[in-house]
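Chemist: Residue strings, one per chain:
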Amino acid sequence: MKKIWKFLGSMQFAILLLVVLILACAGGSFITQGLSYEQYAELYSERSAGLILGLGLDDVYHAWWFVLITAFLCGNLLLCNLIRLPQLLRRGKQADDPAHLGTPCVELTGVRDPEPLFARLRMPRAKETTDEAGRTLRIAVQNRAGLWGAWVCHLGILLLILGFALGQMTKEEYTVYGVPGETKRVGDTQYALRIRDFRVDRAENGFAEQYTADLSLLDLSDESAPLAEDTSASVNHPGSAFGFRIYQNSMGDAAKLTVRKDGELLQETWVCQGDSALILQTPLYVQLRSVLRDEAGAETAAPGYAYMIYVGDEFYTMNVQGAGESIPELGPNYEVSFSESQSYTLLQIKRDRFTPLAFLGGVVTLLGLLLAFYLQLRKLWAVREEDGTWTVRGSSPKGGALYADRVREAATPARTRP
Amino acid sequence: MTNLLNVESVLFYIVICLYFAAMIFYFLFVALKKDGVAKIAAGIQILGLLLHSVALVCRGIGAGRLPMTNQYEFSTSFAWGLCLVSLLFIWRFRFPVIGTFAVPVILLLIGYAAMQSKEVKDLMPSLRSSWLGFHVSTAIIAYGAFGVSFVLGIIFLVRDRMGKNAFWDQHVPAKEKLDLISYRSVCLGLLFLSFTIITGAIWAEQAWGSYWSWDPKETWSLVTWLVYAVYLHLRIRRGWRGRAAAVFAVAGFVCVMFTYVGVNTFLPGIHSYA
Ligand code: HEM
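Sequences listed follow chains C and X, in order. As numbered in my numbering, residues 1 to 418 make up the first sequence, in order. As numbered in my numbering, residues 419 to 692 make up the second sequence, in order.
Keep in mind the hints are simulated off the structure, nothing from the lab. Here the structure is a predicted model, which is why all the values come from computation and not from measurement. Ideal Cβ positions, reconstructed from N, Cα and C, are used throughout, including at glycine. Please note: incorrect hints may appear among the correct ones.
[To be verified] No farther apart than 27 Å at their CA atoms in a straight line, the calculated lysine-lysine pairs in the DSS-like style are these:
{"id": "1", "chain 1": "C", "residue 1": "398", "chain 2": "X", "residue 2": "595"}
{"id": "2", "chain 1": "X", "residue 1": "582", "chain 2": "X", "residue 2": "457"}
{"id": "3", "chain 1": "C", "residue 1": "127", "chain 2": "C", "residue 2": "93"}
{"id": "4", "chain 1": "X", "residue 1": "582", "chain 2": "X", "residue 2": "593"}
{"id": "5", "chain 1": "C", "residue 1": "171", "chain 2": "C", "residue 2": "350"}
{"id": "6", "chain 1": "X", "residue 1": "635", "chain 2": "C", "residue 2": "171"}
{"id": "7", "chain 1": "X", "residue 1": "635", "chain 2": "C", "residue 2": "350"}
{"id": "8", "chain 1": "X", "residue 1": "452", "chain 2": "X", "residue 2": "582"}
{"id": "9", "chain 1": "X", "residue 1": "457", "chain 2": "X", "residue 2": "539"}
{"id": "10", "chain 1": "C", "residue 1": "6", "chain 2": "C", "residue 2": "398"}
{"id": "11", "chain 1": "C", "residue 1": "350", "chain 2": "C", "residue 2": "184"}
{"id": "12", "chain 1": "X", "residue 1": "457", "chain 2": "C", "residue 2": "398"}
[Said to hold, decoys possible] Taking beta-carbon pairs under 8 Å as the criterion, some of the chain X residues facing chain C (in silico):
{"id": "13", "residue": "546"}
{"id": "14", "residue": "547"}
{"id": "15", "residue": "608"}
{"id": "16", "residue": "612"}
{"id": "17", "residue": "616"}
{"id": "18", "residue": "623"}
{"id": "19", "residue": "630"}
{"id": "20", "residue": "637"}
{"id": "21", "residue": "640"}
{"id": "22", "residue": "641"}
{"id": "23", "residue": "652"}
{"id": "24", "residue": "665"}
[As the list claims (entries may be wrong)] Simulated restraints, written as ranges between beta carbons of each label pair:
{"id": "25", "chain 1": "C", "residue 1": "289", "chain 2": "X", "residue 2": "471", "range": "46 to 56 Å"}
{"id": "26", "chain 1": "C", "residue 1": "260", "chain 2": "X", "residue 2": "679", "range": "50 to 60 Å"}
{"id": "27", "chain 1": "X", "residue 1": "679", "chain 2": "C", "residue 2": "289", "range": "30 to 40 Å"}
{"id": "28", "chain 1": "C", "residue 1": "43", "chain 2": "X", "residue 2": "679", "range": "16 to 26 Å"}
{"id": "29", "chain 1": "X", "residue 1": "581", "chain 2": "C", "residue 2": "99", "range": "41 to 51 Å"}
{"id": "30", "chain 1": "X", "residue 1": "656", "chain 2": "C", "residue 2": "92", "range": "49 to 59 Å"}
{"id": "31", "chain 1": "X", "residue 1": "656", "chain 2": "C", "residue 2": "190", "range": "54 to 64 Å"}
{"id": "32", "chain 1": "X", "residue 1": "537", "chain 2": "C", "residue 2": "92", "range": "41 to 51 Å"}
With these hints in hand, go ahead and build the complete structure from the sequences.
Modeler: Dropping the structure here:
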């Protein structure tokens, strides 16, 4: 039992998990994700398609085994950090203990005065003590905090994975689209989104540089007294209201659909590109395929509207009609036409309370890496020999020969050979 | 503004010539075994870096934005990053042989840039973010550092094969030290790659409402990050230093290059513009 725990917290297991994760991530990027059996069968073969779906390779990053490996990695990191916590505390305390100075990587003998050398290497104040032979010993320890680098880095990764996983499990995400003036319910929540305005900023050549939607999010939990929070969302600058973040995701054309029956106005509504509207008192749907424009660009009047007509789910016909011209396929007493057009905005409304945790994890990871790589623990200690000179030794678990070089270099002018 | 873009165009070709000259001198340094030649080579490389920097600034001002938004700009910046980091390592460890191996890689990268379209296109709204600047500039340093660790890996392997050789013994640090220098470059790369991934995540969160969506470029930057994490752990756990670490550093850079070029070429995704 103890052996199993030890293995689960070991670096060996960590390396194994990391290698499997690397293979899974790389594999997932080569297999197009989220296709159906038929699509995979066409792309590869029927047998491969069965294998891909059976192993969850169509959605690698959410497959049970991928989640399991990640969970093991978290457990591994947690165990490793728990096991190492007391060791690190001890090593920190013992850093300048004469009995735990470590194997020296450099040794200089016959040094007259070690102080200039310590100063040149920017070592902190040395602790003076005596060794077991009763000789004077000066010990300086640099970058003690660096001991914690890997530990902090692992903690950061743990927080990051935790924040990401909790976010995936609890986040709420909705899409709302519409034209200015419309108010739409946000999914099945108690909220509704009112699109007050939508602007497209264009460069002189007509290129769209920014889209901005002015919005109000309404809390309808008390229908008689709705609460509203105003915000605006543009690309790279999400809005926020009631704890939701609102993203300006994309835009497209919308056209006004007018329906008259026997000369009387029956229906007037905005239809976004790709959407269909049911013609009242009929089984017919009119879908707006696209708004056709001339080359001149977005702001000129649209010369044509491409549409499709469905009876229930069945495709009936498709055609293009000019602005205000009645669609002929709908019989003599119905006058159905598209006119005008404006941009609609597609917004994403999202609430993920754990995003800050994931980013905190990222920052902690960075901090850990900085500590591990750029605050490396170094020790320099000097022993006063009987002849009055000093022997200086240094150790640096990560710097090794490079640190030895630095010490030798710093010593060159100060060192005197007997 | 188009004037500045023209200046950049001219400078770009001058810079290529300078890097080419630097490469010749670095080769001569190894062939003639004369230290003075290495000094000339490094001098030319520094001049190349300076003019390259001026070219990038001209491009930035001429295009009215950071010069980091399309494949041309990114590959020339990548070459610049490798040039900068390799010079830092040459200077810090007094190790000009790095130049002999790094400058050909710089030339390959800048040659790749020369094959890309130099047109200044309108920027789509999602690319108009200051996070883009942080994201790409940290990536440039990370890729530069990994490029240096690749070069050091190759130098290690060459040295390993060479046996006893007076020039190499004098001009290339002992294997143990070489390994430590390579480790330092991986550390620099991994730190900056972490910055790249995190600033990219912040940017994606603001632009697309999702900080991580397993897009192939994201996934491959994670793969690269994990590969170097494995490298660090193998060093500690199995004492994989020296030869094995050198092979790993070379393989790691293959991942970097795949993330950089391969993903755009072979895999679809939202990063297809860069
Ligand atoms: C994505 C995963 C991981 C990353 C990015 C990571 C990163 C690091 C880094 C940067 C270091 C410092 C290395 C150095 O300074 O040379 C390190 C050391 C270490 N890691 Fe990890 N690590 C990961 C996972 C793990 C796991 C799962 C374990 C579980 C056992 C682990 C155990 C260790 C140990 C024992 C050390 C040595 C610490 C020391 O020498 O002070 N790591 N890791």
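Chemist: May I ask which of the numbered hints given earlier this structure violates, with the numbers listed in increasing order?
Modeler: Failing hints, ascending: 9, 12, 24, 30, 32.
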